[in-house]
Amino acid sequence: MTSYDTNTIRSLVQPDRVHKDFYINPEVFEMEMERIFGRIWLFVGHTSQVPNNGDYITTTVARQPVIMSRDRKGEVHVMFNRCTHRGSQVCLEQFGNTKRFECPYHAWVFNNDGSFAGAPYPKGYEDGFLAKEKLDLVKLPRMEIYRGFVFVSLSNDVPDIDEFLGPMKDHIDSFCDRSPEGEVEACAGVFRYRYDGNWKLQMENQTDVYHIMFTHVSTTDEDGKQFRREGAEEDEAGKVKVLADNSTLDDQWEQHPLGGHRHGHVYMGRFAMDKKNSGPVHDRYKASMEESYGDKAEDLMTVKIHNSIFYPHWSIQHLTQHIRVMNPISVDCTENIIIPLKLKGAPEEMWRAALRSNNNSHSPSGMVMSDDMEVWVRCHEGLKTQSTDWVVLARGMNEKFSGVNTGSYESHGTSESGARNQQLAWVDYMCDES
Amino acid sequence: MLADVERNIEKYLYREARLLDERRFEEWTDLFTEDGYYWVPAYPNQTDPYKKVSIFFDDREVMRTRLSRLDHPNVHAQKPASRTVHFVTNIEINGDHDVDGEILVHSALQMMEFRLDKQTSYAGGCRHLLLKTDGGFLLKWKRVDLINCDGVFPPLAVPF
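From first to last, the protein sequence lines stand for chains A and B.
By my numbering, the letter at position 322 of the first sequence is numbered 511, and the numbering carries on one by one without gaps.
By my numbering, the letter at position 22 of the second sequence is numbered 1248, and the numbering carries on one by one without gaps.
In isolation and in its complexed conformation, chain A is listed as follows (with noise of 0.2 Å):
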């Protein structure tokens, strides 16, 4: 097996090419978790997923147990799911309420801020050693909170989050602000699914308009619309399609917005709908979007961004209206996590819409999902062969696009450039041996 320096890292990305060892060699993804995995910031979840003093949320970030709670005074804690005794998960309920953890093993209890309560028969331990031992649930290194997404770092030694999201800071406030309140709300759950395949094949997918028509050619109908994706239940809106054609790659695909940022974010414009939201369900929408925001609700309204996809593992679907998580469980395996997101103050009727598209398309019998899961599983497993070594990224070569990880770029269309851009950042976070 090689063994990886910054020279044999650097030789994986080409500018129009990658090499299989990217995505499959289990050396190179343990190098992952270390330097991107173990230095950047990472997305746990949402504020609104533990809504109450005293909830919590158990879930995993970059292989590692986390628990996520908000304490008896409203802050919220992120910490690693391990008793401070002899290691063991405090907590294993997915979700609940409660005022202390309490180890199984020896029944050592921490308060739902992760600070140490007490443990049976303190006399067992010298004086003052249970006093001034740090016996807290240790928190995750570094923690930010930005419009209720939160945010952990495993590194103290972690960029600004600032500098780190840049422009795609905007890319949350335009979802946020869909909201007349100004905020989202995960209250329904979340799906959980996993694909034997590498994480990056689906970050890569994410911004890749190419495959649309052909993986989901299955979701078209004869027209080449595909099912319902946005609007209301009961509502005219309630109609809106994606409008595909599944045939040819007409000028709506080609001419489709793309584009990123530093650090290896990217985006994709919004789909092209088969007509405007309109009916009595939009009108109430608007009128209350029109009553906090004046002028600029028609503008804030407007869905612009179809996906926006956040280094290394997370994004933002605007359409369907959910964050996915991408976890990484190993080189071949990816755990999926799926939070619908509610507009808060919007009409019911299109909340119940939206719920019912995370449904269809991304639950994990989702229309839409499933396709995209046998194609990154059949990538993982072509690519092990001795075929060749690369894989081939070079839609798109002959637009204008800078080919380093520094700035903001535009492209369109089938372009391949999401993935490239994608790969730039992680050249460079996998080379720094800061």
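Quick list of in silico lysine to any residue cross-link-like pairs, SDA-like style, CA-CA up to 25 Å:
no., chain 1, residue 1, chain 2, residue 2
1, A, Lys533, B, Lys1277
2, B, Lys1305, A, Ser576
3, A, Lys533, B, Gln1272
4, A, Lys573, B, Ala1307
5, B, Lys1305, B, Leu1342
6, A, Lys321, A, Arg271
7, A, Lys573, B, Pro1306
8, B, Lys1305, A, Val557
9, B, Lys1305, A, Arg381
Far from chain B, some chain A residues (derived; all Cβ distances over 10 Å):
no., residue
10, Pro204
11, His208
12, Arg224
13, Asn270
14, Arg275
15, Ala296
16, Val298
17, Ala308
18, Glu315
19, Glu333
20, Asp463
21, Cys568
22, Asp578
23, Ser597
These are computed hints drawn from the structure, not numbers from a lab.
Where is the CB? At the ideal position from N, CA and C, for every residue including glycine.
Model the placement of chain B on the given structure of chain A, informed by the hints.
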């Protein structure tokens, strides 16, 4: 008399399972009333499909979209197609459901699925709300509560 009803319900549920196993999805969809639905909640003890996400929550329109997709020549997630067998057992009529013309039936369900060298098994409690008709029954709804409903799933295609 009750034995006859029970026997007819049993036959009905067996046929429903067989339609799925034989991928006769259009006929399966036709078992439902026009306002009928198929629901597989993603969390235990759900009472309202609009409170939490669902693995399936299909009205007739979504059923038709989903199941006609399974017949599409390029439904990649089902090429090759899954083979399934549904086991239906522990059939009980709910004696407390007292609505004229309706029968609420509880059963236990297991579905074995084989695709691409992998065999997967699912199990759960099942409820059918049957509407008595001249010729037999129509389904007002079918609900499946999987024991792993809030677990981690591989991709799913065939209804339980």
